[in-house]
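Given the sequences, and given the hints that come with them, work out the whole structure.
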Amino acid sequence: MSLQLDALRKTKPSEYALRFFIGGCVTVATGLIAMKWGPVVGGLFLAFPAIFPASATLVEKHEGKSGGQGRSEKRTRGRRAAGLDATGASIGSIGLLIFALVVWRLLPSSGNTAVLIIATLVWLVISVLFWYVRRRLPRFFFARLLKRRTRTTEYSRSSHH
Amino acid sequence: MTTILFRFLIGGLVVSAFAVISDILKPKSFAGLFGAAPSIALATIGLTASANGTHYAALEARSMIAGAVGFFVFVMCVTRILLRHKIEAGPATLYSLPFWFVVSFAIRYVCFS
Numbered sequence: 309m310s311l312q313l314d315a316l317r318k319t320k321p322s323e324y325a326l327r328f329f330i331g332g333c334v335t336v337a338t339g340l341i342a343m344k345w346g347p348v349v350g351g352l353f354l355a356f357p358a359i360f361p362a363s364a365t366l367v368e369k370h371e372g373k374s375g376g377q378g379r380s381e382k383r384t385r386g387r388r389a390a391g392l393d394a395t396g397a398s399i400g401s402i403g404l405l406i407f408a409l410v411v412w413r414l415l416p417s418s419g420n421t422a423v424l425i426i427a428t429l430v431w432l433v434i435s436v437l438f439w440y441v442r443r444r445l446p447r448f449f450f451a452r453l454l455k456r457r458t459r460t461t462e463y464s465r466s467s468h469h
Numbered sequence: 002m003t004t005i006l007f008r009f010l011i012g013g014l015v016v017s018a019f020a021v022i023s024d025i026l027k028p029k030s031f032a033g034l035f036g037a038a039p040s041i042a043l044a045t046i047g048l049t050a051s052a053n054g055t056h057y058a059a060l061e062a063r064s065m066i067a068g069a070v071g072f073f074v075f076v077m078c079v080t081r082i083l084l085r086h087k088i089e090a091g092p093a094t095l096y097s098l099p100f101w102f103v104v105s106f107a108i109r110y111v112c113f114s
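Chains as they are written, first to last, in our numbering: chain Z, 309 to 469; chain X, 2 to 114.
Hints were generated in silico from the structure; no laboratory data involved.
Quick caveat: nothing in here was measured; it's all calculated off a predicted structure.
Treat the hints with caution; some may be incorrect.
[Said to hold, decoys possible] According to the in silico footprint, chain Z covers these stretches of chain X (three or more CB under 8 Å from chain Z):
#1 5 to 13
#2 16 to 25
#3 43 to 55
#4 69 to 82
#5 93 to 99
#6 102 to 113
[Stated by the list, open to error] Computed from the model, here is a short list of chain X residues facing chain Z with C-beta under 8 Å:
#7 Lys29
#8 Ser30
#9 Phe31
#10 Ala37
#11 Ala38
#12 Pro39
#13 Ser40
#14 Leu60
#15 Glu61
#16 Ala62
#17 Ile66
Backbone N, C-alpha and C define an ideal beta-carbon position, used for all residues, glycine too.
Put into structure tokens, the structure is as follows:
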């Protein structure tokens, strides 16, 4: 895990403005939907993938520019980076579900700000934890599989002798 | 009108802040976690709770659970399209968006009606 501050310079002011605009519009729209159709329908849009399409497109564009030889290779590289970004978002969405659960259960009995801070921390911890487990899990399984295969090979070799 | 403008500013700021965090983090799979940050919820729930009460905001949060499941299905579709097919990110997210609507509203009607 590392920080890549030069990525900030790669993003154009218009791209920052677009994200601000989309974020603002979806927040306003969520409020208006809740006013018109009630909190049950409005609440669905609190987890609307508002900024994800713009972010994935930007990731694809920036990563495609930063490496690869031909046009096709650059495209594949960009698409792969956007795919990895989406994989991360799928893990983050599990945290998002827990965030909603915490707010739903705690908000009526506790203070506004405290609940939002706790829920955000829970989202962060759960997301990072799941990301870490997912990263480690394949290695753990592959290591066991490899061990089992080696054992089987050794056994078949010894039985042949 | 002032409330709408205030919501717009808060929403824009929170979403942009999470987007910037996502930009500067590496690897990309880790940065992607912030693509599913509760940015809209953070911008909305506080304002809703102070305007309509905490019970109203809690109802919204309950529905958000269905939205989060929809979000999960949506990003799984995007991942599959991007990694298996030669389709770019823009169209991939656009084609997957109906899945968010179908899953979220189906859960809402089955569980919260």
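Hint by hint, here is what the structure shows:
no. : hint       : result
1   : 5 to 13    : holds (count 7)
2   : 16 to 25   : holds (count 8)
3   : 43 to 55   : holds (count 11)
4   : 69 to 82   : holds (count 10)
5   : 93 to 99   : holds (count 4)
6   : 102 to 113 : holds (count 4)
7   : Lys29      : 4 Å, holds
8   : Ser30      : 4 Å, holds
9   : Phe31      : 6 Å, holds
10  : Ala37      : 3 Å, holds
11  : Ala38      : 7 Å, holds
12  : Pro39      : 5 Å, holds
13  : Ser40      : 7 Å, holds
14  : Leu60      : 4 Å, holds
15  : Glu61      : 3 Å, holds
16  : Ala62      : 4 Å, holds
17  : Ile66      : 5 Å, holds
Hint compliance for this structure: no hint is broken.
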